[in-house]
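Read top to bottom, the protein sequences are chains A and B. Mapping of the first sequence onto this note's numbering: residues 1 to 401, in sequence order. Mapping of the second sequence onto this note's numbering: residues 1001 to 1371, in sequence order.
A couple of the hints might just be wrong.
As a list, the in silico DSS-like pairs of lysine-lysine whose alpha-carbon atoms are at most 25 Å apart [stated by the list, open to error]:
(1) B:K1332 x A:K395
(2) A:K191 x A:K204
(3) A:K401 x B:K1265
(4) B:K1265 x A:K395
(5) A:K34 x A:K177
No lab work stands behind these hints: they were computed from the structure. A quick note: this is a predicted structure, and the numbers were derived from the prediction, not measured.
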Amino acid sequence: MIQLEISDKHQETFNNAMLLAEHMMRPYSRKYDKEEHTYPTEMDEVVKLLAGGRSAGSSTGGASAAESSAVVNGGNMAAVIGLQALAWGDLGLFLGMPANGLGNAAIQAVGTLAQREKYGTSYAAMCITEPGTGSDSANIATTAVRDGDEWVLNGEKIYVTSGQWADTLVVWATLDKSLGKAAIKSFIVEKGTPGCEVTRLERKMGIRASDTAAITFSDCRIPADNILGSAELAADAEGRKKAFGGVMQTFDNTRPPVAAMALGVGRAALDLASELLTEEGVSPDYNRKPCNVSAVEAELYRLEAEWEGARLLTLKAAWMADNKQPNSKEASMCKAKAGRMGNRVTLRCVELCQSLGYSESRLLEKFARDSKIIDIFEGTQQIQQLIVARRILGKSSSELK
Amino acid sequence: MSSSHPDRLFDLTRTDDQRMSHESMQRFADSEIRSIARSSDEAGAPPVGFYDKTAELGLALLSIPEALGGAGMERSPVSSVLNIEDLAKGDLGLALGAVSPQAFVNTLIDQGNDAQREQYLPLFCEGTFVAATTALMEPRAMFDPTELHCNAIEEEQGYVLNGIKCMVPLGMDAQLTLVIARLKGQGNAAFIVEGTPQGMIRTEESNMGLRTLQLATIEFTNVRLPLEARLGHDEFDLQRFIDLSRLGIGALAVGTCQAVLDYVKDYVNERVAFGEPISNRQSVAFMVADMATELEAMRLMVWRAASLAEQGLEFHRPTYLAHVACGEHAMKIGTDGVQLLGGHGFCREHPVEMWYRNLRAIAILDGVASA
């Protein structure tokens, strides 16, 4: 039955996360925006509370998923709903939290039982991007060479979220560059392994509470078992294509959560801007047609509409994942729409509130700086458009480049 | 959001009934609507007998009580928007014409009194098309449905109606017209106007688009209506009427935009320039991707608002936002549809220019196609 309100259980998840966001994250937003690269000790408590909530939530989630063919509102939906709230609190602080990142998602998705037990809930960071390789992640140059019972890694990784504080790294490396993307595998590297070194922390426009590190691997030796997935190289081109496709599919699960980050930051800006505009007597009542109201009011309606559209696309993508429907197109749609919405909404809210929006005395300018990265990481706007376009038009990546 | 709905789950699955009518509506839109859309646009009217065919779909009688000859199904704004969406894939104007009687019927069920229901609803259960419609809009710049100029004065024997309504679907032929007006001293009211009483003048409009629909401007000069003509007993719930209509208008937008996307998708894949299909170019492909993305967002917003209405929950704000989104993005999809076909899109041999003209109406229409 078509019904687009979230379940009571998920509403509770949201409400609880909003409490944490409002009282335990937002008060430190400005502090760690100013004190870039300082460890936000206040978040340790939030992480503990979240971990408790997660283990409580996952047991009941599993039970409902087991019930025959009924519709499921499960973990993927809970993730985007909770994440929206935490990103409303503070995107940077959220991104810096252990066990919430892409590294954990990868280990959970493709790790063996032993790997999941050992590293699944560790503080895991993901190392994909290199100085010469961004969106074209099939082109990475970091190498992994088998030497006895070990893999030897060499290369440089950049833009590693939480690379500084993480204790586990998931590193993409190639077994043989000449074989292209088929030879790309991911490896688990424990921080502190000789040869693995954090060389730099980026100084960024936004999400300053989240560290972004450059990490080099120089003859870094890890146990042979630390490869994620099979070490085999598929014999034919078809098999190799499939293997990389599997790696990339991790993103289908992580794009809706990133879209949810844009929902959180966008909502934060809308909430704050509405508050400031109310003080000036602007009170949107959703009554007269948008062309018959003041420009400010009309703009608020448009921004709210954009936000709502992005929210529903995100819920749909997560709902499809919960119900085991392939959602690659929808995951990219929600990331594309939410990414550009978050940026547009936050920038317009700054403009609507004029000097108050631009001033560091409020948080609107910070939201506008933070929002930009959401339209870039986990696949830029343009990469999402490519994916959606290829699906709609039935094009291969060699036809639509 | 604190009210409790223990079994409520987010779900995008159609019911079995909705799946079945999805198939039949799509079939009807393909074979009976799309096929005559262009010729009707040129002729400024559908072929004779078109609306009688739509009567076979039985849309108007679905929620009429069995005692009055209807199907007696529960009012379902969700099913309504799904049906309208499918029909509009054939043609926006013809779809709107086909569901105009439903708007009259739904409003009567919603806000009429028993006597009115018993008098009028059986007419719609005889298997023939009854030209019934709703008249809300008025011809002036900055028109807003919250401020109607058309007015009625109550007298001992009935009402006297004055004012001008425009963009009235089926307005030239309607046997029954529900006219929304200000009732002096009593707020908004709706009046059932039968046929063409003295002082009521219908003029066929000629608009940029929706030419298949034969929209009419109707002028009322001291039109006298009996006391029973006033819908219901209390003040007319104009907000609810407008909101339900905006669900229908949103569905019209979604269906038409789906037609644009499907058409453009095939065209850019087939059209070759510089030695390869133009869809191999990002500037083209990204426009198609954005169309698909915004269309899906529009659809989900309309569905959500309709579902809230169906559950008897507050649906005003979500409806307003869906209307804003559809008004903006439907036009963008319409204009991009023409753009992607280039000069061919500007010529009438392709339907995209017609969709462009029709979609301009989405942000303007109000008070029609009530879900």
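Each hint tested on the structure:
{"no.": "1", "hint": "B:K1332 x A:K395", "result": "24 Å, holds"}
{"no.": "2", "hint": "A:K191 x A:K204", "result": "23 Å, holds"}
{"no.": "3", "hint": "A:K401 x B:K1265", "result": "17 Å, holds"}
{"no.": "4", "hint": "B:K1265 x A:K395", "result": "11 Å, holds"}
{"no.": "5", "hint": "A:K34 x A:K177", "result": "42 Å, violated"}
Of the numbered hints listed earlier, the single one contradicted by the structure is hint 5.
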